[in-house]
Amino acid sequence: MQTDSETGKNLPTTGDVESVVIRFAGDSGDGIQLLGAQFTTSTALAGSGLSTFPDFPAEIRAPLGTTFGVSAYQIKFGARKIFTSGDQPDVLVALNPAALKVNVGLLLEGSLIVVDTGTFVERNFKKAHIEADPLEDGSLAKFQVLKIDISRLTMEAVKEFGLGNKDALRSKNLWALGLMLWMFDHDRAPIIEWLNRKFAKNENIRDANIAALNAGHAFGETSELSGDMRRYTVGAASLEPGLYRTVTGAQALSWGLAAAGQLAKTPLVFCSYPITPASPILHLLAQMKEFDIVTFQAEDEIAAVCAALGASYAGSIGVTSSSGPGIALKGEAMGLAISTELPLVIVNSQRGGPSTGLPTKTEQSDLYQAVYGRNGDAPMPVLATRSPGDCFFIAVEAVRLAIKYMTPVMILTDGYIGNAAEPWKLPDFNALDPIAVPHVAARPSGAEPFNPSVRDPETLARVWAKPGTKGLEHRIGGIEKSHETGHISYDPANHQKMTQVRRDKIAGIAKDIPPQEVDFGEESGRLAVIGWGSTYGPIARAVRIARSEGHDVSHIHLTYINPFPENLGELLSRFDRILVPEMNMGQLITVLRDHFLLQAISLCKVSGQPFKISEIIEAIHGQLSLQAAE
Amino acid sequence: MNVQTPAEKLTLKDFSTDQEVRWCPGCGDYAILKCMQRTLPQMGVSRENTVFVSGIGCAARFPYYMETYGFHTIHGRAPAIATGVKLANPELDVWVVTGDGDALSIGGNHLMHALRRNVDLNILLFNNEIYGLTKGQYSPTSHPGTRSPSTPYGSVDSPLNPCRFALGSGARFVARTVDTAQKHMPEIFTRAHAHQGASFVEIFQNCIVYNDGVFSDFTDKPVAADAQLLAVHGEPLIFGKEKNKGLRLKPGTLALEVVTIGEEGVSVEDILVHDQTSETMAFILTKLSPPDFPMVLGVIYEDPASSYERDVYRQYESVRKERGTPDFNAFLAKGDTWRVS
Ligand SMILES: Cc1ncc(C[n+]2csc(CCOP(=O)(O)OP(=O)(O)O)c2C)c(N)n1
Ligand code: SF4
Ligand SMILES: [Mg+2]
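The listed protein sequences correspond, in order, to chains C and L.
Residue numbering for the first sequence follows the numbering used here, beginning at 1 and increasing consecutively.
Residue numbering for the second sequence follows the numbering used here, beginning at 1001 and increasing consecutively.
Hints may be right or wrong, so weigh each one.
Calculated pairs, DSSO-like style, for lysine-lysine (alpha carbon to alpha carbon, straight line, at most 27 Å) [said to hold, decoys possible]:
| id | chain 1 | residue 1 | chain 2 | residue 2 |
| --- | --- | --- | --- | --- |
| 1 | C | Lys-470 | L | Lys-1034 |
| 2 | C | Lys-81 | L | Lys-1334 |
| 3 | L | Lys-1334 | C | Lys-198 |
| 4 | L | Lys-1321 | C | Lys-265 |
| 5 | L | Lys-1013 | C | Lys-289 |
| 6 | C | Lys-289 | L | Lys-1334 |
| 7 | L | Lys-1135 | C | Lys-466 |
| 8 | L | Lys-1334 | C | Lys-466 |
| 9 | L | Lys-1287 | C | Lys-201 |
| 10 | L | Lys-1013 | C | Lys-198 |
| 11 | L | Lys-1009 | L | Lys-1183 |
| 12 | C | Lys-265 | L | Lys-1013 |
| 13 | C | Lys-466 | L | Lys-1009 |
| 14 | L | Lys-1013 | C | Lys-470 |
| 15 | C | Lys-201 | L | Lys-1321 |
| 16 | L | Lys-1334 | C | Lys-425 |
| 17 | L | Lys-1183 | C | Lys-470 |
| 18 | C | Lys-101 | C | Lys-470 |
For the record, the hints were derived by calculation from the structure and aren't laboratory data.
All values derive from a computational prediction rather than experimental measurement.
Work the whole structure out from these sequences, hints included.
Given below as structure tokens:
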């Protein structure tokens, strides 16, 4: 098997590297996420391609120094488009023994480990259940280890600010950041600017942090002179021209919803109940009132979806957001939205399940729930996001479909996409298509009674009649309605007809969405790897690598899961074999089989961690060699 | 709440739909419906600004018969859906119609929070102490010992008192009436409508099929006058055929007693005067029930405060004012950006 930077390669001794994976790890109180996020900013500003993976502990404040309190942040950056946060770290920055213990297993021989020796003391070994000092017992012999007393050096750097020990050590993350900025030749100025903004009201803390940052940087410089430390440059990626920023999935999704409201010139009412990893969307939208957004923290997920539906009934765009357990609670109200044919967007930031499962870990196991998970014949469009930046466009598309077809639409995203960051070319809002909102106009008194069951003959969408509009008074509800009048109807033939109309309306969306394209590779061939959602990154990279090795393999990635694009079945039939990698036990493959009677091969992973590129390459190799043997 | 003067003068007929009413003959719901259809035109509201939101149950069929906007939703969730309606359009007059099971069993959480938040909704709880629609199982308001298909030997759990639930949830308007009380029900509706914030009205509603006569101890004509007390703010709490019975605080306690004016030296001055702004009094009055006490009806508590959706919009407007007209592109470009050429 040919190796590539993705599948494991150590840093060269010095000089230019094509891509690097750094993993920052420490106690949850060490400010690891902040360190990672700031390093990401500096990387983005240096123009490199990047992808990140914040790996939080489940506990809010786990006891200091324990293994379950370890927080990590991984970034891969390089001189090209980066698809994943990397299989194995090239560099591990471990700010305490527990962080080393938890993460050392991820490293390949020869990787670089930077440790804060100041924390390698008996007390911390005990907390992390470490028998012998790993810095002394030879267990790290196969790695390059940089032993630096970051704790002491930080305290010295901030001494003049008169902080207590505990407060002084809080700047440790900035010291480490300074060193890493030096090591990868990134600019300190934007970080200092950020510190200036963040600690504008607390000059002492601000100055201490800046001093720590500078001290870490200076430490690199001096050590280089003495030949102890190497420095690397990762070039800029060749990205499409434009204005860029980094964006997380939660940001892009929130901004996409806001943009959709603006494009529809209709207020957005966003209703949610806090749950990991969906909450950031609520937090972000709560700060965006200027875009005609009302946010509502409901008493539970049922109330959240109901309030969103009530808002849609009253003429706004109702949106609700949760994760699997909360989506389960919303099921009945989604059925009501389907039955009353009102627009609604439901965002599911998936996490590990079932039940409470793994709240902070990622999974794609709510596909069945999205496609099939309601009582009655209750079809609903389902869209999946593939990367952080993609969330923006999917949110706009979900709102467009919800309004045009008067239907609830579910967006499947996940914790990984929500928290991960990538460089994002800013879309031009003015170039986005407006969303038409067909609210029915008022009627003069004496006009024919209003019929709420009138449909658009093309889309089959029911009319949207806003309370407050004169002459449109009408009643709707979850009981079956007459196809002709909208009044309650228990007529058997009518129910048959209405069920078919609801099915046909959603199925008809297939005509309104782009045909399925091959993301990378040929339009036919020996093997297609088909994925959905956040497996995009690893599949995209794996297929590129396999093709560069000369293999006949293509990547197809689904955005529309219900309905599927019209040409999907035909496209898939052009491949000898289909491989379906999923972070579940094979849900998409079942749905594909259901539609196309497809013989496909499933590649499942439910460890709470995203796929590694190497895992997918291995499966591609496996399938192709099996095929050769046949 | 939104008082409008429609150009045309509307009547009961204008608020009635052409749908056949499907309640059992003799059901208390008919009287409530008629009263609403009669009272809305008197309030001078417009049909297009009026929305009835209901959950599921016999009571919840109400919106189909009102020629206004109506949303028959799902079991227990009407307060949540109505909250969304108000968040989208605070100008609408939103009425919630719910049953005792709908409001207090499956939907207890939503009712509690709608009241606590003080969303400007007029909530009418049709209390028949039974699950009507599902054919007569006991409900969370059924008195202990209620025999029903699911409790053939009598229910053993304690019931909830709807008005006290509302008060405990922070309701700022709590009233009680009876389906047959065509005289004072219009006033209760009018006042509930006029109240800014959540108004809670419990209506004792007779289910002639599954729980006939549960309220007869205070609603039957011969006993009504002696078993009901219509509380009026600022007036002594007097009741009885002869208007000579009253409620008095037992000296040295927070408990009430029934006394007769003109007996044992009791005069009108000794009778407790109804103070609708006193939460404590509301708690005491809502606890009373026959046979030892009268059932207290009327507006028992009213102490208005700013409503939820009003405060939400106040905050929203102030942020919008501060930030000015937004520019989406400028918003996206905030923070650290870089240009690739
Ligand atoms: C989720 C759900 N659970 C159960 C039911 C069945 N159900 C319908 S109405 C009802 C109880 C109605 O009682 P109440 O709210 O007191 O209304 P009433 O019929 O007495 O007016 C029940 C249990 C349902 N429709 N939906
Ligand atoms: S079952 Fe009872 S509450 Fe329901 S309609 Fe009949 S009488 Fe009324
Ligand atoms: Mg009932």
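Hints and how they fare:
1. C:Lys-470 x L:Lys-1034: This hinted pair holds, its Cα atoms lying about 23 Å apart.
2. C:Lys-81 x L:Lys-1334: holds, 23 Å
3. L:Lys-1334 x C:Lys-198: Roughly 15 Å between the alpha carbons, so the hint for L:Lys-1334 and C:Lys-198 holds.
4. L:Lys-1321 x C:Lys-265: With Cα atoms ~19 Å apart, L:Lys-1321 and C:Lys-265 stay inside 27 Å; holds.
5. L:Lys-1013 x C:Lys-289: It is violated: about 42 Å lies between the C-alpha atoms, which goes past 27 Å.
6. C:Lys-289 x L:Lys-1334: holds, 16 Å
7. L:Lys-1135 x C:Lys-466: violated, 35 Å
8. L:Lys-1334 x C:Lys-466: Roughly 36 Å separates the two Cα atoms, so the pair is violated.
9. L:Lys-1287 x C:Lys-201: Status violated; Cα separation ~55 Å.
10. L:Lys-1013 x C:Lys-198: The given pair, whose Cα atoms are some 64 Å apart, is violated under the 27 Å limit.
11. L:Lys-1009 x L:Lys-1183: holds, 22 Å
12. C:Lys-265 x L:Lys-1013: violated, 37 Å
13. C:Lys-466 x L:Lys-1009: With Cα atoms ~23 Å apart, C:Lys-466 and L:Lys-1009 stay inside 27 Å; holds.
14. L:Lys-1013 x C:Lys-470: holds, 17 Å
15. C:Lys-201 x L:Lys-1321: holds, 25 Å
16. L:Lys-1334 x C:Lys-425: At roughly 13 Å apart (the allowed maximum being 27 Å), C:Lys-425 and L:Lys-1334 satisfy the hint.
17. L:Lys-1183 x C:Lys-470: The hint is violated at about 31 Å.
18. C:Lys-101 x C:Lys-470: violated, 69 Å
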